[in-house]
Amino acid sequence: MDLPKEIEILFRENSELAKKLSEEISKLTPKVIEKTGLERIKIMNFCGTHEWTTTHYGIRSLMPEEVELIAGPGCPVCVTPSSDIKNMIKLAMDGYVVYTFGDAYKLPTVSHYKEGIGSLASAKASGADVRIVYSFVDAIEDAKTHGKPSVFFGLGFETTAPSYAVLFKKEVIPKNLMFYSSLKLTAPAAIYAIKIHKMSKRSPVSGVIGPGHVSTIVGSKGWDFFPEEFGIPAVVSGFEPVDILTAVLTILKDLYTGKAKLTDLEYKRVVTRDGNIYAQDAVREIFRTTDTIWRGIGNIPNSGLDLRDPFKEFNAKLQLNIKENPWDYDLPPGCKCNEVTLGTAYPTDCPLFMKACTPSRPWGPCMVSLEGSCAVWARFGSSQRVLNLMKEVRE
Amino acid sequence: MRKMDKITIAHGNGGKETQQLLQRYLFSKLPEELKRTPGGVGIDYPDDGALVSNLVISTDSHTVNPYFFPGGSIGKLAVSGTLNDVIMMGGRPTAILDSIIVSEGFPLPSLDKIIDDMISVLREYKIPLIGGDFKVIPSDSMKGIVINTVGLGISKRPIVDKIRPGDSIIVTGPIGTHGAVIAALQYGIGTSLESDAKPLMKLLDLFEKFDQDIHAARDPTRGGLAATLNEWAQLSGEMIVVEEKKIPVLEEVKSISSMTGIDPLSLASEGVGVIALPSEKENEVLEELNKLGFTPAVIGRVLNPKDIENNSLVILRTLAGGTRILEMPVGDIVPRIC
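If you read the protein sequences in the order shown, they are chains Z and E. Heads up: the first sequence begins at 1 in the working numbering, then just goes up one per residue. Heads up: the second sequence begins at 1 in the working numbering, then just goes up one per residue.
Source of the hints: derived by calculation from the structure; they are not laboratory data. Accuracy of the hints is not assured; some may be wrong.
Which stretches of chain Z does chain E cover? Using the computed rule of at least three CB atoms under 8 Å from a CB of chain E, they are [claimed, not checked]:
1. 16-28
2. 224-231
3. 356-366
All residues carry an ideal CB built from backbone N, CA and C; glycine is no exception.
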């Protein structure tokens, strides 16, 4: 038996189960509304890949009108502040070899470093040595071969942090390679987003789909604060359509019973309740939490990671005396990436979407990364329009 | 136009950016009477080629990295791609011309093999190569090889793509295979898959037999099935609804696609036809295609949208039973990083 194939059929191509789940969702929704008094049931995801699944498989079109699926902060590239990119550009222009992931390579700064240089890509075009890598390991291997002073642009969420930490633990990093941390933590930003929805006149978030990848590290218990502190059901979900539909149904059931105390775990085939303890310890040993800036949003306390003191010789910010200035609004004019990131606007609410801002010429950061909500919507169609379209194709 | 505007790879993706660029910098500059010969099909009609009375002419420049791939080479592709463009307009190919541009330093044995591959397709289908050009470019201004081919064909009844409500959409085999092979090679993914590149000569028998009924025919190369269906929807103003689960895609193409994040619907096929015809004729055509050795499938239908807002859209019913708009491919095709 081809097990991966079987799993795929079960969760991805299982249109019968998907149909049953969406029927259950439609049946339960009015009951939940009656019992809770909510006008709308807003469910937020915190992972670019969940947004991809939701959009790619047209999951929104399977929801009753009162159930709204929205994307929260789930794309590390989208929230990397302009100041970090500018710092990396400066290092590249000063002669350091700069290593970056492909998505961050194209990320624009809000104002140019100097005429014509507004991204690492344009720095490279102007002669700087910027190299795209797929991992920190690739950067280490490459830096060893040339020995030139180099900096790695270390961005990512909890999923990526352990892959950096383990290499510091193993002491395999050459002296000529420094690390510039732009690491971010999902939970503080998730809380921030939930609070924004609560404070504004918009309907509050009623349920949370916990990020499956991040949860492999932090465990489903990492999201217990949602039910415990905010009374919001949370479900850690996988990335296939049936996973998402099951998560939505579970959230509705939790809302109906009002009994959810802990995070539900739908993605049992990969995630455990406690997560990966070794990875958690490694991250704790190497990194400390810091306040950090989220692009378009500003400073969120304790939402970042930076190297601890014993590793300061590798810390690019310390060694190269890079000052962290207070946050300046860092989105280009008209861009609504901050609202899209916090789930208070859909990509289609932005006047620039698919006009001045397209995947081939992105204006805002949410269009740059393939994980960004705007880039996902650009490739797979506006999810709002499909509700109208359903009327055309219903048999 | 901004001052710093430059051509990007995305401008050549065969999708939205290519359309917009051509519209702005080429079609809009040509006076109407210079876009076509009287009564013919001309440059701004997004079909496979041009039509001058009953003569079908098509031209295509081929670049592919790497030049040799499982199931073919740039040589085989350059000939079969252009033959297919002629065939998909209902033309029986009579001859081709070629124009080869190589960079200085290009290995001669590779050129020899590439030309052998071109000639072996021509021999198999008895198509004369009646003219051409050969140029060498200094190595600092170009790398590798570009092959342009021009195909000529005669058509008794040309197929000028125009889908109509009530049409069924049929594909003649699994889609995206060629694109998946190239993606796998470029991203270093091991695969036993072979490109589907081949001339679709046999389809001519079908086209001649059902000549009144073929409303549109296309081989979905660059931009894949998504681009072809979107062009048809835009040309006609109608709405196309396709069922994802009915679209044949080889298992290995699916896995390459999930590894790279590239939708199989935007991956090129080089030996598959997409055909639109009245649904009453669907079974007869399927039977004929099976007889000709194809593995066809009906993947969707054409509707006249009730709401004018939905004109010219392609709608996909997903595997999960949901609905989304199948967009014209946008951006450059790159893998997802995480």
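Per the coverage rule (Cβ-Cβ under 8 Å, at least three residues), is the stretch 224-231 of chain Z covered by chain E?
violated (count 0)
For the stretch 16-28 of chain Z, count the residues whose Cβ lies under 8 Å from any Cβ of chain E; is that count three or more?
holds (count 3)
Examine the stretch 356-366 of chain Z for residues whose CB is less than 8 Å from any CB of chain E, and state whether their number is three or more.
holds (count 4)
Violated hint: 2 only; the structure is consistent with all others.
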